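*Asks:* Throw the hints in and build the complete structure from the sequences for me.
Going down the list, the protein sequences come from chains A and B.
Heads up: the first sequence runs through residues -11 to 329, numbered per our numbering.
Heads up: the second sequence runs through residues -11 to 329, numbered per our numbering.
These are calculated hints, taken from the structure and not from any lab test.
This one's a predicted model, so the numbers in the text were calculated from it and none came from an experiment.
Some hints could be false.
It does not matter which identical chain is meant; a pair holds if it fits inside one copy or across any two.
To be verified - In silico DSS-like links for lysine-lysine, alpha-carbon gap of 27 Å or less: (1) Lys246 to Lys193; (2) Lys212 to Lys246; (3) Lys212 to Lys52; (4) Lys(-10) to Lys239.
Protein chains: 2
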Amino acid sequence: MKPLFAKPLSVLTVGVSSFGDAIAQCGAPVTQLDWVPPAGGDRQVAEALARLLNEPMVEAANAKAVDRYLAAQPRLSTVGIAREVLPRMDRRMILHAGPPIDWARMCGPMRGAIVGAILYEGWADSPQRAQALAAGGEIAFEPCHHHAAVGPMAGIISPSMPVWVVTNPAHGNSAYSNLNEGLGKVLRFGANSAEVLTRLKWMEKTLAPTLRAGLEALGEIDLKPLMAQALHMGDEVHNRNAAASSLLIKKLVPALLKSGAPAGDVAQVIEFIAGNDHFFLNISMAACKAMLDAAHGVAGSSLVTVMARNGVEFGIRVSGLGDRWFTTPAPVVEGLYFPGY
Amino acid sequence: MKPLFAKPLSVLTVGVSSFGDAIAQCGAPVTQLDWVPPAGGDRQVAEALARLLNEPMVEAANAKAVDRYLAAQPRLSTVGIAREVLPRMDRRMILHAGPPIDWARMCGPMRGAIVGAILYEGWADSPQRAQALAAGGEIAFEPCHHHAAVGPMAGIISPSMPVWVVTNPAHGNSAYSNLNEGLGKVLRFGANSAEVLTRLKWMEKTLAPTLRAGLEALGEIDLKPLMAQALHMGDEVHNRNAAASSLLIKKLVPALLKSGAPAGDVAQVIEFIAGNDHFFLNISMAACKAMLDAAHGVAGSSLVTVMARNGVEFGIRVSGLGDRWFTTPAPVVEGLYFPGY
Chain A
-11 MKPLFAKPLS
-1 VLTVGVSSFG
9 DAIAQCGAPV
19 TQLDWVPPAG
29 GDRQVAEALA
39 RLLNEPMVEA
49 ANAKAVDRYL
59 AAQPRLSTVG
69 IAREVLPRMD
79 RRMILHAGPP
89 IDWARMCGPM
99 RGAIVGAILY
109 EGWADSPQRA
119 QALAAGGEIA
129 FEPCHHHAAV
139 GPMAGIISPS
149 MPVWVVTNPA
159 HGNSAYSNLN
169 EGLGKVLRFG
179 ANSAEVLTRL
189 KWMEKTLAPT
199 LRAGLEALGE
209 IDLKPLMAQA
219 LHMGDEVHNR
229 NAAASSLLIK
239 KLVPALLKSG
249 APAGDVAQVI
259 EFIAGNDHFF
269 LNISMAACKA
279 MLDAAHGVAG
289 SSLVTVMARN
299 GVEFGIRVSG
309 LGDRWFTTPA
319 PVVEGLYFPG
329 Y
Chain B
-11 MKPLFAKPLS
-1 VLTVGVSSFG
9 DAIAQCGAPV
19 TQLDWVPPAG
29 GDRQVAEALA
39 RLLNEPMVEA
49 ANAKAVDRYL
59 AAQPRLSTVG
69 IAREVLPRMD
79 RRMILHAGPP
89 IDWARMCGPM
99 RGAIVGAILY
109 EGWADSPQRA
119 QALAAGGEIA
129 FEPCHHHAAV
139 GPMAGIISPS
149 MPVWVVTNPA
159 HGNSAYSNLN
169 EGLGKVLRFG
179 ANSAEVLTRL
189 KWMEKTLAPT
199 LRAGLEALGE
209 IDLKPLMAQA
219 LHMGDEVHNR
229 NAAASSLLIK
239 KLVPALLKSG
249 APAGDVAQVI
259 EFIAGNDHFF
269 LNISMAACKA
279 MLDAAHGVAG
289 SSLVTVMARN
299 GVEFGIRVSG
309 LGDRWFTTPA
319 PVVEGLYFPG
329 Y
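*Replies:* Right, here's the structure in full:
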């Protein structure tokens, strides 16, 4: 202690502020950390929390949940159509990112993407009518996560959209994601111009059946080895998917050429996926969803199995707490905008 | 020094051995490093070497050679046929790896590969006749490096073989390499069975024209950016080319599909290159050759521009010393053999 006090002191304090106040009154610099013990002074809550520390039932439940997570073997199985393969998907339903949110509270990009999805589905013939329809309560909005699904950004999945089907034979569950549109003006960022809708239709009519034929020729793809190799090649498999997309292409392209799909379609599809380093993103998301859903629903487990945001709120779900969401307002991020915005 | 001598001494000596001998006689452990100053005690040579240290003409020449090396921009241009595109390639000539060597002194794998090349060219109809032909002096054997070319392992290039053409517009030179056959039984390891020769014929008749059509549709590929990206993805672009091969496939495949080449050929070619993580190796070798040849021939430069071995000797060439080789016997390496060898 002696050498410590020989130097000028700069003090960090945590907890009760009167310690720091006393030091500040003596003229020393002091920083009070913005942290208090959990439970906010509520004795009952604090005792309940304390009882959970090293609680054998919770520890055992968490071990079981983590085992299921680690044992998962996500496999890219096929490409389906949302209304046909997603559990509990209705014909007038649109899925979105994050925890539940109604139209009135949605952020702009999510609304833009929903307007795009309504136009794409042909439920309205103008953005104005699509907005009126969305606001009128005739369309059900539900989180992707209520349907074993995930999607990047706005995360919009409407009934006609193609979805990746990722199976996890180790637990017997499946997970789903929409297909990546590329960068620039795309639905997931809220764009809904003719260019965006034309691409979505092409994805439904050409990309999806061609990929399905390719995967049928190839057989299922084990995703963990592919993702592990991509991680060693510099991807983090979220915002950088250059290696994973390349490795996927290398597997998929010979199969596409043997699939019997029309040659012109195959050429278009290969050019599309070769031109989009993010193509693998939605597959890695579905793989993670399949792994985490396997860990969900273990009674007593405190493992967080969902972390997701809808642009307004951030929410989590906990393995042992069923379908319940725990949400908090999402902070406004310092965004990087496309030129002109 | 004092704390040093307080501990038990373990001495390394370099140079005159009597220093070490004296220590050893006192009973201390001593290791005499196997190094002596250059020139082996020859005063004239030592003085000549000393004059070269920081010699302004040599320094300037080396700066110029390194500039040319760094300024090189190797581009994958097309696939040609050795007899048509290699400088000074004769109709009865076979190129090999490393410094010059005649048939009598060649190692087994190089002889095996040359027998394979003779059978592939149709100059003989049995391995025995091919060996007799090779030993009879009717076929000229020259290093790839005498023809701006490189090839992995035995490095055999015969007149009918397809070669990558890599141009370096910055210096106006070109370099060449044969095409990678994959792993297993292949000519570059000395194999010459029917399987090997059939593959070589397919490479000449199908792979080469299809790649040429693809590159024509695509245009030249700048190799430095592609190799730089591959280096960041874990390749060293010699024994690991997984990323570079994938990146090449991603560029090449859409072009192949648009090239007008027969669809069946395109499918075969894509399957072949997608199944061979080493496919890019020969391209990176030709790129390096193009860069180093640009640095060769600078009067006064001591930059080593070639390091190559033929299985018997290792040799170098120096920028300012023209076509001369400096060779030394190649040590026998501890090899990793295929099962059964």
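*Asks:* So which hints don't hold here, by number, going up?
*Replies:* 4
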